[in-house]
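My request is simple: use the sequences and hints to build the entire structure.
4 protein chains.
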Amino acid sequence: MNDATMPMPYRRLGRSGLQVSLLSLGSWVTFHNQVDASGVREMMAAARDAGVNFFDNAEVYANGESETLMGQVMGQLGWNRLDYIVSSKFFWGLDRGTPDAPRINGRDTLNRKYLLQAVDGSLKRLKLDFIDLIFCHRADPHTPVEETVWAMHHVIEQGKALYWGTSEWSADEIRAAWEVAERHHLHKPVMEQPQYHLFHRKRVEQEYARLYADIGLGLTTWSPLASGLLTGKYRAGVPAGSRGAIQSLSFLREGLLDARKNAAVGELDAVAQDLGCSVAQLALAWVARNPRVSTVILGASRLAQLQENLGALAVLPKLSTEVVQRIEAITAGLAE
Amino acid sequence: MNDATMPMPYRRLGRSGLQVSLLSLGSWVTFHNQVDASGVREMMAAARDAGVNFFDNAEVYANGESETLMGQVMGQLGWNRLDYIVSSKFFWGLDRGTPDAPRINGRDTLNRKYLLQAVDGSLKRLKLDFIDLIFCHRADPHTPVEETVWAMHHVIEQGKALYWGTSEWSADEIRAAWEVAERHHLHKPVMEQPQYHLFHRKRVEQEYARLYADIGLGLTTWSPLASGLLTGKYRAGVPAGSRGAIQSLSFLREGLLDARKNAAVGELDAVAQDLGCSVAQLALAWVARNPRVSTVILGASRLAQLQENLGALAVLPKLSTEVVQRIEAITAGLAE
Amino acid sequence: MNDATMPMPYRRLGRSGLQVSLLSLGSWVTFHNQVDASGVREMMAAARDAGVNFFDNAEVYANGESETLMGQVMGQLGWNRLDYIVSSKFFWGLDRGTPDAPRINGRDTLNRKYLLQAVDGSLKRLKLDFIDLIFCHRADPHTPVEETVWAMHHVIEQGKALYWGTSEWSADEIRAAWEVAERHHLHKPVMEQPQYHLFHRKRVEQEYARLYADIGLGLTTWSPLASGLLTGKYRAGVPAGSRGAIQSLSFLREGLLDARKNAAVGELDAVAQDLGCSVAQLALAWVARNPRVSTVILGASRLAQLQENLGALAVLPKLSTEVVQRIEAITAGLAE
Amino acid sequence: MNDATMPMPYRRLGRSGLQVSLLSLGSWVTFHNQVDASGVREMMAAARDAGVNFFDNAEVYANGESETLMGQVMGQLGWNRLDYIVSSKFFWGLDRGTPDAPRINGRDTLNRKYLLQAVDGSLKRLKLDFIDLIFCHRADPHTPVEETVWAMHHVIEQGKALYWGTSEWSADEIRAAWEVAERHHLHKPVMEQPQYHLFHRKRVEQEYARLYADIGLGLTTWSPLASGLLTGKYRAGVPAGSRGAIQSLSFLREGLLDARKNAAVGELDAVAQDLGCSVAQLALAWVARNPRVSTVILGASRLAQLQENLGALAVLPKLSTEVVQRIEAITAGLAE
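Protein sequence lines correspond, in order, to chains X, Z, G and Y. For the first sequence, full-length UniProt numbering gives the first residue as 1, with consecutive numbering after it. For the second sequence, full-length UniProt numbering gives the first residue as 1, with consecutive numbering after it. For the third sequence, full-length UniProt numbering gives the first residue as 1, with consecutive numbering after it. For the fourth sequence, full-length UniProt numbering gives the first residue as 1, with consecutive numbering after it.
To be clear, the hints were calculated from the coordinates, so they are not data collected in a lab. Be a bit skeptical, because a hint or two may be false.
Capping the alpha-carbon separation at 27 Å, the derived lysine-lysine pairs in DSS-like fashion look like this [as the list claims (entries may be wrong)]:
| hint | chain 1 | residue 1 | chain 2 | residue 2 |
| --- | --- | --- | --- | --- |
| 1 | Y | Lys233 | G | Lys160 |
| 2 | Z | Lys202 | Z | Lys160 |
| 3 | Y | Lys160 | Y | Lys202 |
| 4 | G | Lys124 | X | Lys124 |
| 5 | Y | Lys124 | G | Lys160 |
| 6 | Z | Lys202 | Z | Lys124 |
Encoded structure:
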């Protein structure tokens with residue numbers, strides 16, 4: 001199933017001139033918590049060999065340790081800086097081990113004070129001169145969009161980042177940011193990182209619909225397998241060692257055990273078998289098939305898992321209209 | 001009276017994304033003149049423990065020594081830079097001990113030459129890479145607002161400050177600054193530092209009224225106790241060691257001994273006793289109750305005084321409509 | 001024929017305030033491939049002695065070696081930085097000797113990531129603090145013009161370049177870049193580097209016609225001798241050692257052997273003999289005669305060839321209306 | 001006559017917030033050529049003692065040596081940087097001792113290449129981090145005003161200068177520069193340095209008339225004594241050692257010997273005697289009396305001469321309407 005010779009497609013990140021690999025590697029959950037330095041190096045090298053050029057990260061992942069790990073590994077791999085793209089995201093801030101102190105401006109904010117310092121911290125951990133893509137990890141209703149746009153512009157003008165975007169912002173918030181940047185001649189948001197998979201579609205397909213043409217929004221989508229639900233592994237309860245079993249991710253558990261969705265996954269499995277692939281590969285290919293998606297961020301805790309997921313590229317050409325209609329029929333009414 | 005367990009509220013600094021503690025600590029009059037390094041460290045640590053995150057300063061306070069002292073103490077305390085906010089203010093310039101030389105561009109001005117150099121001087125004394133809030137300490141009728149706005153913008157773009165504002169500017173001047181910044185795509189003023197207490201209300205409550213909605217002006221108010229008048233200590237004349245007894249503050253004396261105001265303070269004391277608090281705490285709570293006020297800057301020459309003032313937080317929920325009506329009746333006609 | 005005493009004319013680079021010598025020296029094809037360091041030094045010194053002040057280069061020429069060579073020689077010559085103008089051009093990127101790796105953002109692009117890094121690389125190879133003129137070597141349909149204009153602006157604001165322009169862009173693309181710069185208050189494109197010679201005229205004479213007046217476009221033209229066709233050397237087939245014989249330039253061969261054009265060159269030779277000059281000098285003078293041309297970039301693999309080409313200056317005053325009419329008649333219908 | 005106790009008045013530099021002393025010291029002609037380091041130090045110290053805070057210079061004065069000298073002396077005097085204002089001016093460029101080389105972009109230009117490098121050179125010679133006032137020494141018809149304004153803006157944004165202006169530009173050119181800066185949100189020109197004295201009045205009094213109100217133009221005027229004509233020293237021919245006798249200033253000679261003007265100087269001398277001052281002091285006071293003049297730049301080759309000129313301050317209050325009418329009557333028809 002793992003077709004290592006399948007060439008990686010590249011897509012423009014929205015209307016920008018940057019080209020990202022259709023499949024990319026994210027460090028969320030896994031780096032530091034489930035994978036150590038040698039595992040990270042093994043997976044990043046394999047991803048790069050398969051044509052992956054985008055590695056997604058965030059300040060908050062493993063409380064900064066995910067960035068530290070990626071920075072360490074990138075230094076060892078010695079890639080040419082033009083050949084790979086690194087992101088980070090900012091909003092929640094770092095836990096500094098001092099829970100009692102008020103941390104009013106270093107947590108849950110997109111204000112100028114936090115953003116400027118947080119980017120500097122990420123650069124240090126990543127051991128980079130610049131981060132390719134910086135995201136506002138969530139919208140902050142308590143900071144004016146104009147203040148955040150100015151801060152993003154400032155970071156880009158200082159050469160510390162190349163492009164900026166948002167993650168899980170509403171269409172209205174994204175447009176507000178774009179408009180204030182256009183009016184004040186600042187760098188505009190280029191991309192958004194939304195959740196997107198067979199059971200979570202409305203934002204990408206409906207809410208953002210006008211933004212693709214109006215402002216050229218690009219998407220770097222996360223959770224293509226619905227935290228593992230779309231691998232079928234939760235059809236018989238929560239397996240040990242899975243995300244559903246991680247304490248800090250307990251908020252996911254109820255969704256992962258949803259009976260109707262797991263039943264649908266069983267039906268999708270039949271479709272996958274007809275195509276000679278796994279249900280996870282089918283689900284990944286379905287996300288990648290949407291031309292609005294610039295890149296599908298894969299998470300993996302083992303090399304074999306990454307290799308299997310990269311194999312979704314081979315499934316992409318098999319997604320005929322008929323196959324897609326079967327998928328749509330199976331998942332109808334189940335997607336947010 | 002001093003309820004150390006009362007959690008500190010935080011408010012946005014006007015429309016900005018920065019959150020300031022409702023009570024904050026100012027260094028005016030006290031630092032260097034009345035309090036030495038160990039006293040400053042003690043008070044700043046106590047304030048921080050109580051949730052204070054904003055420490056107000058100015059170039060002119062103790063002719064630069066107040067900044068030097070605060071810089072020294074901050075270095076010792078080793079706080080995380082995200083957790084505290086420092087301000088400075090610029091207009092009068094430093095006395096350089098050379099009274100005979102003309103000091104035309106280093107005093108009473110907001111011109112580009114003075115501002116750029118003054119900010120550099122403050123950064124050096126404060127031992128900081130950036131000052132969170134910089135204020136134009138007074139309006140300068142001899143410098144175009146556009147020149148001052150460009151200079152403030154320049155300082156922020158250089159990363160030497162995060163936000164800028166004004167102190168004791170007229171509503172018209174503040175709006176002029178905001179408009180020139182909007183037109184030329186420069187950083188806009190975010191906050192104003194006005195005098196505000198029971199006997200000085202018109203600017204905050206009437207003159208600035210439109211600015212809150214129009215430009216989102218935030219307030220960091222000073223002199224909440226009317227230089228001590230609202231503590232009741234001047235009801236029997238000027239006590240030794242009080243502000244009213246300080247030579248350089250002699251301009252305050254007449255106001256502090258105002259008979260009608262001191263009589264009103266006596267009546268307010270009765271209200272305070274009914275609430276189980278001091279008249280100073282009542283007066284502080286009254287200022288903090290105004291939602292336009294982002295933070296009430298406290299001054300203190302002793303730790304006990306600071307602790308008492310911080311206790312005003314516990315009075316805040318006791319300010320019922322009835323209590324406020326009593327206060328208004330007592331002070332009617334006495335406020336500028 | 002080589003009139004070393006003929007003073008070099010200087011022309012403004014379009015509407016800009018920079019003055020370029022009417023004849024200039026380009027490194028394309030020759031530097032590193034046909035000429036080594038001592039040859040380059042000899043030619044650059046001779047060109048400078050003849051009044052040449054512009055030396056044209058590009059990242060892609062000899063895969064960066066042309067810049068390295070020019071940087072080395074400029075260091076040895078020790079000229080005053082005000083007295084010479086250096087260019088580089090960016091689009092194709094460098095071959096990094098790793099053909100297997102995907103090089104999606106380092107090749108055939110004008111995106112922000114590539115441009116910012118490529119300019120830094122050129123500065124290093126050229127051993128310069130700034131490049132006078134940077135060109136977008138080709139238009140990139142996959143990057144928004146706005147992104148490219150912002151990147152050019154960024155490089156100029158950082159002091160790494162003085163002016164920017166395009167090479168072989170359509171009139172529409174050039175105007176789009178100019179307009180987005182005007183709207184967002186960014187540095188505008190100043191010059192274009194088009195191919196221009198007796199057999200390639202339409203772009204310069206027709207397509208760009210409105211741009212000269214509307215935006216003040218300047219031209220630094222390349223290939224004035226049509227890759228040697230206009231020297232007459234291809235009238236009897238491809239000589240050994242000529243461009244037509246170079247493997248990597250094989251795409252030129254068919255054009256160089258065009259029978260009708262070579263016949264026309266024979267007729268032009270007769271005109272040249274009447275004027276007492278070579279046909280190459282005649283063709284160069286014809287290009288220089290167009291007032292839209294700011295500078296004619298000469299390529300040369302030997303000092304004698306450069307000297308002969310510089311001699312075209314002496315032909316310029318001999319191009320009477322009658323002579324030009326003879327040239328036009330001979331080449332009628334042969335020009336793209 | 002020399003009233004050292006007369007306090008120096010200060011005027012705003014046009015609409016800017018910078019205050020310049022009404023009399024200032026210029027280095028043109030004298031520094032390096034007529035006055036050595038110890039003489040310069042003596043005069044600068046005396047001027048400063050008299051309240052002078054502005055010291056005028058230019059790159060071209062003594063071919064850079066005037067800046068070198070002033071830089072050396074300022075270092076020795078150890079003044080506070082807020083207390084003095086230094087200018088330089090750019091257009092003609094430096095003679096580099098290589099007359100044969102073409103110096104197309106380093107002479108008689110206001111293009112970006114020249115200006116950025118020239119300012120860096122001046123900073124180095126002056127041993128300063130920033131120059132307070134930079135002037136475009138003449139208008140350059142061969143460079144677009146927009147290019148020059150962007151370069152001035154760039155220098156100010158880099159912190160290398162505080163304000164920029166022009167010298168001997170037409171009203172139309174000054175307004176063009178102001179308008180392009182307003183449109184593109186760049187730093188605007190603040191001041192102009194025109195020739196202004198009793199025999200040269202039209203530009204200041206007529207041509208610039210609208211600019212004072214429209215853009216708030218300030219003036220730093222030069223040649224208040226008409227190169228010495230208004231001292232009366234040319235009434236009996238050219239004295240040895242005077243400007244009229246300097247070879248490089250021979251273009252001045254004819255004007256200095258103008259019979260009608262020298263006769264008028266004789267009549268002005270009578271007015272001066274009535275006021276108890278010298279004719280030079282009278283002429284200086286007449287220039288200073290114009291409220292459009294921010295500062296009158298004095299040149300002096302000897303300390304005594306400077307002292308005498310500074311004495312013009314005492315004459316200023318004696319210029320009654322009657323006295324001015326006498327002066328106007330004497331010079332009627334003689335002024336350009």
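*Starting from Y:Lys124, check that the Cα of G:Lys160 is at most 27 Å away, please.*
holds (20 Å)
*For the pair supplied as a hint, G:Lys124 and X:Lys124, confirm whether the alpha-carbon distance does not exceed 27 Å.*
Status holds; Cα separation ~25 Å.
*asked:* So if I understand the rule, the pair passes when the alpha-carbon distance is 27 Å or less; does Z:Lys202 with Z:Lys160 pass?
replied: violated (34 Å)
*Decide if the proposed pair is consistent with the structure: Y:Lys160 and Y:Lys202, CA atoms, cutoff 27 Å inclusive.*
violated (34 Å)
*Is the hinted pair Z:Lys202 and Z:Lys124 satisfied, with a Cα-Cα distance of at most 27 Å?*
Distance of about 37 Å is beyond 27 Å: violated.
*Are Y:Lys233 and G:Lys160 close enough, with their CA atoms no more than 27 Å apart?*
Roughly 53 Å between the alpha carbons, so the hint for Y:Lys233 and G:Lys160 is violated.
Consistency with the previously given hints fails for numbers 1, 2, 3 and 6, ordered from lowest to highest.
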